[in-house]
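Asker: The listed protein sequences correspond, in order, to chains A and B.
Its first residue numbered 96, the first sequence is counted upward by one per residue in the numbering used here.
Its first residue numbered 5, the second sequence is counted upward by one per residue in the numbering used here.
Please keep in mind that the hints were generated in silico from the structure rather than gathered at the bench.
One or more hints might be untrue.
Under the rule of at most 20 Å between Cα atoms (straight-line distance), these lysine-lysine pairs were calculated in the PhoX-like manner [said to hold, decoys possible]:
| # | chain 1 | residue 1 | chain 2 | residue 2 |
| --- | --- | --- | --- | --- |
| 1 | B | Lys76 | B | Lys65 |
| 2 | A | Lys132 | B | Lys76 |
| 3 | A | Lys354 | B | Lys65 |
| 4 | A | Lys132 | B | Lys132 |
| 5 | B | Lys236 | B | Lys222 |
A short list of chain B residues far from chain A (calculated; beta carbon distances all over 12 Å) [claimed, not checked]:
| # | residue |
| --- | --- |
| 6 | Leu72 |
| 7 | Ile94 |
| 8 | Leu109 |
| 9 | Leu144 |
| 10 | Val228 |
Don't be surprised by glycine CBs; every beta carbon is placed ideally from N, CA and C.
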Amino acid sequence: MSQSNIQSVEGVEIEETKLKNSKSLWDHALENIFRDKMAVASLFIVGFYALISVLSATGIIAADWAVEVGPSYSAPGADYFFGTDIFGRSVFTKMIKGTEVAMSVGLVAAIISVCIGVVLGSIAGYFGGKIDELIVWFYTCFQSIPTIMLLVALSFVLGRGLVSMYVALGLTSWVNLCRLIRGEVMRHKNRDYVQAASALGGGHSRKLIKHIFPNVSHLVIINFSLMFQTAIKTEVILSYLGLGVQGRPSWGTMIDDAKLELARGVWWQLGAATLAMMIVVLSLNILGDALRDALDPKLKGK
Amino acid sequence: MNLWQYILRRLFYIIPTILGVALIIFIIFNVVAPDPALIMLGKHATVAQIAELRNELGLNKPMWAQYLDIVKSAFTFEFGRSWTTKQEIIQMIKNGAIPSLTLTLPAFILSTVIAISISLVVSFFRGKWIDKCAVFFCVLLMSVTSLAYILFGQWFFAYKLGWFEISGYESGFPDFIPYVVLPVIIWIILSIGPDVRFYRTVMLDEIYQDYVRTAKAKGLSERVILFKHVLKNAMIPIITFVVIQIPFLILGALLLESFFSIPGLGGITLNGVYNSDFPVIKAMTILTAMAYIIFSVITDVLYTVVDPRVRLK
């Protein structure tokens with residue numbers, strides 16, 4: 096009761112000011128994020144990594160990663176910035192080249208899992224009933240299998256390589272977002288604005304996509320950065336298990352190499368890959384927290 | 005509805021979940037996976053050899069019978085034999101459970117206690133610089149891959165400084181301790197980040213409730229409020245969070261066990277992965293899924309016991 100009163104009061108105000116000074120959730124969120132220096136710095140770092148990975152994918156930089164530049168296992172110094180690996184290749188160039196795998200794995204896996212999570216979650220939340228029960232059953236089963244086992248099983252079955260890694264990581268990380276979207280869509284579907292849309296003759300898909308989805312899409316943004324960094328971290332584990340990419344450097348394979356190198360005191364490959372990864376994952380974490388604070392005011396400061 | 009009826013009903017609901025989990029495992033291993041007979045025999049196998057092995061592995065059975073076998077194994081724990089070691093898998097699991105638990109149980113208890121203590125301190129100083137530093141430090145800890153901690157810890161503290169055993173294991177009560185100290189420390193470092201963040205959120209959820217304001221208005225000290233009121237009320241999410249992690253202790257610490265050569269379930273699973281040992285991977289997946297399902301029932305029941313407000317419906 097009181098809520099609808101507030102809404103109508105706000106409605107009147109908005110009418111009076113003719114929407115001149117009104118700001119959307121997104122405007123507010125952007126403003127908040129740009130006020131947060133850490134978040135801006137993180138955004139720049141993630142952008143920088145993305146730029147590097149695009150440049151390396153197009154062959155402009157780090158195309159010569161496979162070239163022997165010096166003796167095997169030279170320590171970091173003036174000649175070799177981050178030292179060299181067993182074949183005398185520059186660890187620094189490999190680290191740059193590895194960005195490509197990490198960023199693409201993060202991006203594609205996050206997109207796959209967002210697609211599955213959003214589609215299943217909104218269908219379950221919107222239609223309810225038997226469809227909802229079926230989807231809830233499906234993700235309960237999925238969730239009951241520990242992620243690492245599912246991941247191992249999937250990448251095993253799909254074979255080695257980048258594409259199967261995308262699919263395996265994407266298929267194992269959608270449940271959380273699906274649950275959140277389902278809950279939010281359920282809350283929204285009986286709101287006045289959706290009923291108004293249906294009074295105007297809007298069909299299910301129009302109501303769902305045009306009206307409800309924009310109101311739950313902030314969850315997608317918040318979860319995207321989370322999934323992105325989880326995928327980058329998981330790539331390392333899969334590489335260690337021998338299920339990672341082959342034939343080109345990734346941070347995972349570099350860290351995997353380090354398990355034999357450390358006994359000889361060769362720490363720079365582990366150090367370079369860990370450092371490169373830590374910076375981007377940390378930035379994504381800070382960015383994710385800032386986005387959550389900005390877009391979900393209920394959770395402010397937690 | 006009384007508690008027993010609720011428990012019975014909740015147990016009844018796990019049947020579709022088990023059937024579903026078995027279905028996912030069946031689809032992955034029996035439908036999508038490449039023919040195991042070809043993997044085991046290699047490229048140069050004759051047709052007769054392949055046919056014989058397929059028969060032996062039960063791959064000639066109709067699809068529904070293969071599916072039923074998986075469902076049955078979830079209850080009977082008859083997983084067959086490993087392809088590489090030819091041992092009964094259930095025997096391997098029995099042997100591996102104790103070493104796994106000697107690592108995961110102390111690690112889990114210690115990390116939970118430490119994380120809850122830190123989160124209490126941090127929420128006492130909420131919004132102050134200690135709080136901000138702690139949160140940042142947690143995120144920093146979480147941003148490094150677990151593999152890096154293990155590799156660095158084993159190389160630096162065990163190999164270079166010689167403070168701990170590099171790897172190995174001995175069974176028996178006091179003998180195993182030196183071998184698990186470093187893995188336990190690494191586990192704690194790995195889990196402190198996410199745990200503190202979670203418990204801090206739980207505490208802060210409570211701190212802004214009305215009853216805390218009332219307690220403050222009555223003139224209770226911050227310390228009494230935190231320990232007597234907030235901690236008690238935060239117990240529900242804490243118990244849920246703790247209990248739901250227990251099934252993963254059974255799986256063991258996959259990477260830690262393999263690096264420190266602890267002959268536990270995690271090591272068995274990883275060997276299964278390296279050797280394409282389908283029955284072992286399947287068995288471990290079914291086992292942990294069953295444990296997860298059972299513990300989620302326990303969590304739900306505990307929930308209603310701890311908090312009578314939760315309606316039994």
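Asker: Each of the hints needs a verdict: does it hold here or not?
Answerer: Now the hints, each set against the structure:
Note on B:Lys76 and B:Lys65: the hinted pairing holds, with a Cα-Cα distance of about 15 Å set against a maximum of 20 Å. For the given pair, A:Lys132 sits about 57 Å from B:Lys76 by alpha-carbon distance, which is inconsistent with the 20 Å threshold. Distance restraint check for A:Lys354 and B:Lys65: the Cα-Cα separation of roughly 43 Å exceeds the 20 Å cut-off, and the hinted pair is therefore not satisfied. Annotation: proposed proximity of A:Lys132 to B:Lys132 holds, straight-line Cα distance about 18 Å (limit 20 Å).
Distance restraint check for B:Lys236 and B:Lys222: the Cα-Cα separation of roughly 18 Å lies within the 20 Å cut-off, and the hinted pair is therefore satisfied. B:Leu72, annotated as away from the interface, keeps every beta carbon of chain A farther than 12 Å; the closest lies near 17 Å. The non-interface label for B:Ile94 is consistent with chain A: the shortest C-beta to C-beta separation is roughly 18 Å, beyond 12 Å. Its beta-carbon lying about 18 Å from the closest one in chain A, B:Leu109 satisfies the requirement of being farther than 12 Å from that chain.
Taking the minimum C-beta to C-beta distance to chain A, about 6 Å, the non-interface status of B:Leu144 is violated against the 12 Å cut. In this structure B:Val228 is separated from chain A by more than 12 Å, as the shortest Cβ-Cβ distance comes to about 23 Å.
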